[in-house]
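Number of protein chains: 2
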Amino acid sequence: MKNRVITISREFGSGGRTIGRRVAEKLGIPCYDSELIQQVAEKSGFSENYIKDAGEYAPGGFLASALSHRASGPNNADYLWKIQYNIITELAEEGPCVIVGRCADYILRDKADCLKVFIHADLAFRVERIVKEYGEREESPEQRLRDKDKRRAAYHRFYTNMKWGHAQNYDLTLNSGTLGIDKCVEIIEGLY
Amino acid sequence: MKNRVITISREFGSGGRTIGRRVAEKLGIPCYDSELIQQVAEKSGFSENYIKDAGEYAPGGFLASALSHRASGPNNADYLWKIQYNIITELAEEGPCVIVGRCADYILRDKADCLKVFIHADLAFRVERIVKEYGEREESPEQRLRDKDKRRAAYHRFYTNMKWGHAQNYDLTLNSGTLGIDKCVEIIEGLY
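These protein sequences, in sequence, are chains A and B. Our numbering puts the first sequence at residues 1047 to 1238. Our numbering puts the second sequence at residues 1047 to 1238.
It is worth saying that the hints were derived from the structure and are not from the lab. Any given hint might turn out to be false.
If chains are identical, the list can't say which one is meant, so a pair holds when it fits in one copy or spans any two.
Taking lysine to aspartate or glutamate and the EDC-like style, the derived pairs with C-alpha atoms no more than 20 Å apart in a straight line are [to be verified]:
(1) K1209 <-> D1168
(2) K1194 <-> E1174
(3) K1157 <-> D1168
(4) K1229 <-> D1159
Isolated chain A, as found in the complex (with noise of 0.2 Å):
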């Protein structure tokens, strides 16, 4: 398999942004995470937060969507995640990279030389490193953690219909937690 492009989907907290980071370091490619929602940004006129905030929720919510957006056409997450799919594609396109996030796993999922990884950890390995790269909130971060991975799964189902963290959708799926973040970026690395 020649693995042009990688994409990470992970659990928050995990580690599969930092991982994603080190394996494109070491490749010498780009790695697209942050730069991802500045380039939807530009293109779509909305505010980076809000895009961020979009990528983590499914739209409208469900009662939302079946009794208003989706009956009256696109709506405003709809219309995003156009623009989002044709950057990816672009990106995909232009050469080697590391993709974090943004459903790219399904947006190319019929390139060949694209290598899907899902990275996950259990729920203390992930409080322990939020905590220590997010700092403390209101609500425990168990809670956030459960939070996010709910929003997460929900908006890669709705705009994929496909299972999150199902390894059938992947070529990979590594736990950091048992196998550790090194670990991780070294296997990655060695199958490009």
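Go by the hints and put chain B onto chain A.
For chain B alone, coordinates are given in the frame of chain A:
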């Protein structure tokens, strides 16, 4: 992580058994697969074929078990499960080894020094492999694969209440179709 035991769950035809054997060979440790079935047969008095089949059917089927077996206490499958549980626990205590299938991932879930692997591949890859390995049959290879997958998932679910093939249940999952059998062997060996 000290990986004294490697458990390999796999989709039928994905090459999981071959991968397990080759990893064990490279590491110079035993691989239990059909040997396990033999041991269960010896301890239970049932035939090897009966045990092989029992490992792929959730006991009794839904209706049968709802109506009779479960209500009237443990059945043959539960009895076999108990024997299998004990054998796997003992093997894992004896020393380093690879164990293929038989819900070993679940049985050893609380052992910290156990590397839990899931191997899968897309239908086309597995169809080609099973026709080559096991020859043609009356049903189409696609049908055989779907049946086997369904049975293994149901059996696993029945005894473990875990979702089969869900990334979060494993340390790593590998797509043998896209990565290749050799690469899978190499990654697992490298983690030991």
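Each hint tested on the structure:
no., hint, result
1, K1209 <-> D1168, "both (18 Å within a copy, 16 Å between copies)"
2, K1194 <-> E1174, "within (15 Å within a copy, 40 Å between copies)"
3, K1157 <-> D1168, "between (31 Å within a copy, 15 Å between copies)"
4, K1229 <-> D1159, "between (23 Å within a copy, 16 Å between copies)"
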